[in-house]
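Q: Here is how the chains run, residue by residue.
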Amino acid sequence: NAGVTQTPKFRVLKTGQSMTLLCAQDMNHEYMYWYRQDPGMGLRLIHYSVGEGTTAKGEVPDGYNVSRLKKQNFLLGLESAAPSQTSVYFCASSPGLARSSYNEQFFGPGTRLTVL
Amino acid sequence: DAKTTQPTSMDCAEGRAANLPCNHSTISGNEYVYWYRQIHSQGPQYIIHGLKNNETNEMASLIITEDRKSSTLILPHATLRDTAVYYCIANNFGNEKLTFGTGTRLTIIP
Chain A
437 NAGVTQTPKF RVLKTGQSMT LLCAQDMNHE YMYWYRQDPG MGLRLIHYSV GEGTTAKGEV
497 PDGYNVSRLK KQNFLLGLES AAPSQTSVYF CASSPGLARS SYNEQFFGPG TRLTVL
Chain B
-15 DAKTTQPTSM DCAEGRAANL PCNHSTISGN EYVYWYRQIH SQGPQYIIHG LKNNETNEMA
45 SLIITEDRKS STLILPHATL RDTAVYYCIA NNFGNEKLTF GTGTRLTIIP
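Protein chains in written order, with this note's numbering: chain A, 437 to 552; chain B, -15 to 94.
FYI, nobody ran anything at the bench for these hints, they're computed from the structure.
Be careful, since some hints might not be right.
Partial list, derived from the structure: chain B residues whose beta carbon lies under 7 Å from chain A [as the list claims (entries may be wrong)]: (1) T(-8); (2) C(-4); (3) A(-3); (4) G27; (5) F84; (6) T86.
Only a predicted model underlies this, so the values are computations on that prediction, with no experimental measurement involved.
Glycine residues also receive a C-beta, built at the ideal position from the N, C-alpha and C atoms.
Working from the sequences, and respecting the hints, build out all of it.
A: What follows is the structure in structure tokens.
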């Protein structure tokens, strides 16, 4: 099993450009998450999904959109990138509370995004 | 979820036990205590969780005080690979979200 994978690993954008980050998991997990991590800070939740076709806002959703059309994939979109979105983005998945009594999240390796 | 407080940084000698404290004085009865760690530049990794009783797995032990207002994560024989940021999280059962603070930066010294 590959676990949680993220594409791309690195990306440099110019202000105003758009892009989509892809997260894929092969563990048949119900829940998926997108976080961002800025230097010296903990992870902050952007958006999450508790099942195929569902999405919900996290702590810092502004400037981002997400989609979960397939259970195994969770896409994070930046429609018009800004320098403030320069960060490391982590995706995670978890079995979901219907299948597990506790919230163990499995994380991907991260995407390092720079917006100039 | 209850707020947790951790020291910013700690050092531990290689081979010794690393004891990482966490304060969660406002924790409610339904909240679990979770520990994750993040090795440099990698995604966080789940370590252990507990509610009331002490817990042990292949990675670590979790000691929760009887009043549940604080806990300690113990790495019994620290190695250089245990150098990481350790996050203590209080999370209500049924809450699908986790809130990560800034954690404790643990440095294992040879």
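Q: Going by Cβ atoms only, is F84 (chain B) closer than 7 Å to chain A?
A: At 4 Å from the nearest chain A Cβ, F84 (chain B) passes the 7 Å test, so the hint holds.
Q: Hint validation: A(-3) (chain B) versus chain A, beta carbon distance must be below 7 Å. Holds or violated?
A: violated, 26 Å
Q: Classify the hint on T(-8) (chain B) as holds or violated, based on whether any CB of chain A lies nearer than 7 Å to its CB.
A: Given a least distance of 10 Å, the restraint on T(-8) (chain B) is violated.
Q: Against chain A, is G27 (chain B) within 7 Å by beta-carbon distance?
A: holds, 3 Å
Q: With chain A as the partner, please determine if T86 (chain B) meets the hint condition of a C-beta pair closer than 7 Å.
A: OK, holds: T86 (chain B) within 7 Å of chain A, min 5 Å.
Q: For the restraint on C(-4) (chain B), tell me whether the closest CB of chain A is nearer than 7 Å.
A: violated, 21 Å
Violated hints, listed in ascending order, are 1, 2 and 3; each of the other numbered hints is respected by the structure.
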